[in-house]
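These protein sequences, in sequence, are chains A and B.
Start counting the first sequence at 0; every next residue gets the next number (numbering that gives the first Met the number 0).
Start counting the second sequence at 0; every next residue gets the next number (numbering that gives the first Met the number 0).
I should point out that these hints are in silico values taken from the structure, not numbers from a laboratory.
Think of the CB as a built atom: it goes at the ideal place given N, C-alpha and C, for glycine as much as any other residue.
Not one of these hints is a red herring.
Every beta carbon over 12 angstroms from chain B, so not counted as near; a handful from chain A, in silico:
1) I33
2) L94
3) A200
Computed footprint of chain B on chain A, listed as stretches where at least three residues anywhere in the stretch have a Cβ under 8 angstroms from a Cβ of chain B:
4) 67-78
5) 221-235
Every beta carbon over 10 angstroms from chain B, so not counted as near; a handful from chain A, in silico:
6) F28
7) T46
8) A54
9) L110
10) L116
11) F171
12) A183
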Amino acid sequence: MKRICTLSAFLIRDLFRSLAGLLPLAAGFTFYGIAFEYGMDQAQFITVAGVGLGAICLLTALLLTGRANRASFYPFAARLHRRSEQLVAVMAGSLAITTVIAFLMTEAALLRHQLTLDFPSALWIIPTWLALWLLMAAMALPLSSLVSRDGSHMVGYVLITALLTANDRRSFLEDHRLHWLSRAVSAILWPMATLLAQASAGIHGRSYLLALALTVVYAGLLFGLAMALFEHKDLLWVE
Amino acid sequence: MLRASELTKRYGSTLALDRLSLDVPAGAVFGLLGPNGSGKTTFLKLVMGFIFPEAGQIDRGDLSGARIGYLSEQAFYPTRFAVRDYLSTLGRLGGLQGRALRREIDRLVAQLGLEEFADRRLGALSRGTLQRVGLAQVLLGNPALILLDEPVLGLDPAAQKFIRDQIVGFHLAGKTVFLCSHNLDEVTRVCTHVAVLKRGRLVHTGPLPEMLGARSEVIITTGVIPADLASRLAALSPGTTVGAGQVTLTDEAQACKAQVLRLLLDAGVDIQRLDDCHERQASLEEIYLRVTGSARFPGRVP
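All chains should be modelled from the sequences, with the hints used to inform the complete structure.
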């Protein structure tokens with residue numbers, strides 16, 4: 000655990016001492032400017048900010064994998080007991096950065112009266128967002144050059160694009176007798192969609208808890224996939 | 000201490016290591032030599048677990064990654080970090096903390112003469128100073144095995160001597176050092192054992208004093224040797240070296256002496272002198288050139 004914290008802190012500092020460190024901040028600032036222009040209620044905040052910050056978490060995790068894939072990283076990799084520590088450190092780092100950006104964004108929106116939150120129900124935002132960001136951070140791993148093998152990350156990008164496009168065109172799929180595909184896409188995205196819908200409606204029953212658990216399981220599966228790719232991968236550093 | 004058995008490694012269609020078996024005794028300073036692309040760095044990366052072999056295995060005993068210090072050939076650094084900060088992070092990853100970590104870093108900074116650079120950014124340091132920082136990170140946590148890949152490459156003579164002295168110091172402290180190098184003078188001065196790779200295959204290994212021991216050879220001084228005959232002569236035995244107006248038969252190649260003389264006479268080459276059983280001590284350079292076949296390097300000296 001200490002090694003993961005140390006490595007995570009190093010990766011974060013390394014990122015923010017480079018120009019690439021401006022990207023998550025710029026993304027957060029831009030998102031705040033656009034999303035909060037007309038203010039938000041709690042329901043909108045949970046969905047819109049949750050997804051927006053999830054995208055920032057994905058971006059941050061990709062940037063951190065880039066820092067861990069440089070030639071200067073070899074003395075750090077040499078001191079790890081397991082390769083999984085490197086991936087966990089990347090995930091922890093991206094979650095930490097996203098949490099700080101979310102905190103700053105929420106504070107700014109509250110201070111400028113662009114957001115209204117009802118406590119204690121607003122506290123449900125924390126597990127909802129954490130599960131979603133965990134999924135995004137885990138998803139970034141197999142999409143990164145650090146973990147991918149033989150261009151496997153390109154397959155990942157194609158699959159995600161296809162899934163999101165199919166979800167966006169579900170009525171088109173229904174009209175063209177592709178009900179099975181539409182239903183498959185709904186089933187795959189059910190945990191995330193239900194998690195956000197139930198949380199924004201203020202319902203935290205069994206469906207919400209099941210969706211929360213399944214989102215975490217998705218994250219676990221993606222982490223497992225990343226480990227399967229990374230465990231015996233030849234590390235040829237980027238100089 | 001470190002044993003490799005039948006290690007084979009490929010990069011795509013390129014065979015980097017071909018059934019390499021190597022035994023590094025504890026406490027040795029083991030030099031690994033070989034031409035560029037012969038598989039030296041690949042071997043070190045396999046030892047470190049950065050890459051994996053297609054076949055064969057490495058026995059590192061009870062050494063974990065943290066007990067092996069590794070300095071890569073072209074060491075890159077996180078340039079925006081200060082020396083002390085960098086070493087401190089690596090020390091914490093290696094299990095050191097608090098006062099013990101500070102003491103260890105202070106000791107290494109003093110040992111490697113880095114006092115005035117300790118708070119400077121790595122990006123602002125010269126190559127020689129960075130190499131000393133590299134040695135400091137290698138020594139953090141008191142590793143039992145030290146792997147150095149071309150540690151004096153690109154350094155000035157004073158810095159080279161400093162690194163050599165450090166290696167001798169590691170040896171005296173009982174550490175096992177594995178050194179990849181093209182610098183034969185450096186290897187001769189510090190190594191106790193040597194192995195030579197050629198195209199991923201082990202072509203020579205043994206204790207250095209034995210390798211440099213007294214040797215016998217036959218030197219045949221001749222007139223001009225036609226190129227096709229030179230090739231035929233060189234192919235007779237690995238110990239046969241054909242130069243301009245001279246054929247040298249070393250060790251086991253002397254068994255071919257009669258055959259060589261016959262070929263020379265049949266081709267009408269003028270034999271001017273024959274120095275038989277000439278006893279002398281070989282240099283590591285001669286051994287290296289002979290076993291790697293680099294004595295017959297293509298091209299001409301102007």
